[in-house]
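For reference, the chains in residue letters:
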Amino acid sequence: MTIAAATHPSITSVLVVDDSAFARHGAILCLRSAGLANAHFVEAGNGHEALTALKREHIDLVVTDMNMPEMNGAELLDRIKSDERVSGVAVLVVSSSISTAMETDLRSKGAKAVARKPLSGAATMILLKSLVEEV
Amino acid sequence: MRPSTEIALIALHELVPQILEEMFFAEAEAIDDVFDWSANNAIFSRISLHEPLEADLIVSVPTDLAHEFSETLTSDIKSGDSQLKDIVGELLNTLAGRLQVALARDDEACAVGLPETTKASNFILDEAAFHQTFAANELTLGVALAPKRSA
Numbered sequence: 000m001t002i003a004a005a006t007h008p009s010i011t012s013v014l015v016v017d018d019s020a021f022a023r024h025g026a027i028l029c030l031r032s033a034g035l036a037n038a039h040f041v042e043a044g045n046g047h048e049a050l051t052a053l054k055r056e057h058i059d060l061v062v063t064d065m066n067m068p069e070m071n072g073a074e075l076l077d078r079i080k081s082d083e084r085v086s087g088v089a090v091l092v093v094s095s096s097i098s099t100a101m102e103t104d105l106r107s108k109g110a111k112a113v114a115r116k117p118l119s120g121a122a123t124m125i126l127l128k129s130l131v132e133e134v
Numbered sequence: 000m001r002p003s004t005e006i007a008l009i010a011l012h013e014l015v016p017q018i019l020e021e022m023f024f025a026e027a028e029a030i031d032d033v034f035d036w037s038a039n040n041a042i043f044s045r046i047s048l049h050e051p052l053e054a055d056l057i058v059s060v061p062t063d064l065a066h067e068f069s070e071t072l073t074s075d076i077k078s079g080d081s082q083l084k085d086i087v088g089e090l091l092n093t094l095a096g097r098l099q100v101a102l103a104r105d106d107e108a109c110a111v112g113l114p115e116t117t118k119a120s121n122f123i124l125d126e127a128a129f130h131q132t133f134a135a136n137e138l139t140l141g142v143a144l145a146p147k148r149s150a
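Here the protein sequences line up with chains A and B, keeping their order.
Numbering that gives the first Met the number 0 applies: residue 0 is where the first sequence begins, and numbers increase by one.
Numbering that gives the first Met the number 0 applies: residue 0 is where the second sequence begins, and numbers increase by one.
I should point out that these hints are in silico values taken from the structure, not numbers from a laboratory.
The structure displayed is predicted, hence computed values, not measured ones.
Treat the hints with caution; some may be incorrect.
From chain A, some residues computed to sit far from chain B (all C-beta separations above 10 Å) [unchecked claim]: (1) Leu28; (2) Asp59; (3) Met101; (4) Ser119; (5) Met124; (6) Lys128.
Computed spacing ranges between beta-carbons, pair by pair [to be verified]: (7) A:His47 to B:Thr117: 21 to 27 Å; (8) B:Ala119 to A:Asp77: 44 to 50 Å; (9) A:Pro68 to B:Glu13: 26 to 32 Å; (10) A:His47 to B:Glu53: 26 to 32 Å; (11) A:Ser81 to B:Asp105: 25 to 31 Å; (12) A:Ala20 to B:Ala38: 41 to 47 Å; (13) B:Asn121 to A:His47: 34 to 40 Å; (14) A:Asp82 to B:Asp35: 49 to 55 Å; (15) B:Glu28 to A:Lys80: 39 to 45 Å.
The C-beta atom is built at its ideal place from N, Cα and C for all residues, glycine as well.
The following block holds chain A by itself, in its conformation from the complex (with noise of 0.2 Å):
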């Protein structure tokens, strides 16, 4: 399946989180196709390096990884969404074992959306595009 890749203006910078480099790489690559590919991506091995890039720079969306060494990625959508300064930014949660209430639990922590690993394949797609167009 051939995706054109689209441009979505109002994000600019993205930062991909995951202690997988492969992981990271493939996301980019995902999320390029869905409409970001002129954007700028920060990438973060963890939690901690995730939020000291967005204190750094200024970022639009958060892509990150749950099943993290050092930070998971609940701990940082808490520590997101409990920062004035940074709790606006929109978050999609990206994990192999999400289930039905763990969703749920996210969504109502502040997460925009939540997406299956690995990020591939046309129903992701329609995900990311649709995330894309509401952030």
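Chain B: place on chain A using the hints.
The following block gives chain B in isolation, referenced to the frame of chain A:
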């Protein structure tokens, strides 16, 4: 009631090919061949499954196959051991999470640990492990479910 290891192994028959296709565009299937767990030049990763299934999930990917997986995203660079270990660890992490979701009821939590990945020779698979060989891109990889190491 916790799901049994036998049911988990049946779920893996479907999940492993599905995830290899989604992550690496690889065509894969469960096969009857015996996988050589003690072979050299393979990358092993082990992850602890907490809920709903309590076990350890292990994968062994020969480096040749790991290189093929790597090339699906980074065809211009020959990956080193650290990149290959990252890829195999991510494969196992994804497989572990998806297995737990497949085995869980709607209201049940799913939890997995973090993968421990090494490049090792003479790996010895736990005697009590259930294991399955998969063919992918005309090579093979092994997947096993073993009793928790900490148990």
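Regarding A:His47 and B:Glu53, is the given constraint of 26 to 32 Å on their beta-carbon distance met? About 29 Å separates the Cβ atoms of A:His47 and B:Glu53, which means 26 to 32 Å holds.
In terms of Cβ atoms, is chain B entirely out of 10 Å range of A:Met124? Its Cβ never comes within 10 Å of chain B, the nearest being 12 Å, so this holds.
Determine whether the Cβ-Cβ distance between B:Asn121 and A:His47 falls within the hinted range of 34 to 40 Å. Since the Cβ atoms of B:Asn121 and A:His47 sit about 37 Å apart, the hinted range of 34 to 40 Å holds.
With 25 to 31 Å as the target window, see if A:Ser81 and B:Asp105 comply at their CB atoms. 29 Å Cβ-Cβ, so the 25 to 31 Å window holds.
So does A:Asp82 sit 49 to 55 Å from B:Asp35, Cβ to Cβ? holds, 51 Å
10 Å cut-off, C-beta based - A:Lys128 kept clear of every residue in chain B: holds, 18 Å
When you take the CB atoms of B:Glu28 and A:Lys80, is the distance between them in 39 to 45 Å? holds, 44 Å
Is 44 to 50 Å right for how far apart the beta carbons of B:Ala119 and A:Asp77 are? violated, 37 Å
Okay, A:Pro68 versus B:Glu13 on CB: inside 26 to 32 Å? holds, 30 Å
Is the Cβ of A:Asp59 more than 10 Å away from each Cβ in chain B? Nearest chain B Cβ is 24 Å from A:Asp59, so the label holds.
Measuring Cβ to Cβ, find out whether A:Leu28 lies farther than 10 Å from everything in chain B. Per Cβ check, A:Leu28 is inside 10 Å of chain B; nearest 7 Å; violated.
A:Met101 remote from chain B - nearest C-beta pair above 10 Å: It is violated; A:Met101 is separated from chain B by about 7 Å at its closest Cβ, not greater than 10 Å.
When held up to the earlier numbered hints, the structure conflicts with 1, 3, 4, 8 and 12 and fits the remainder.
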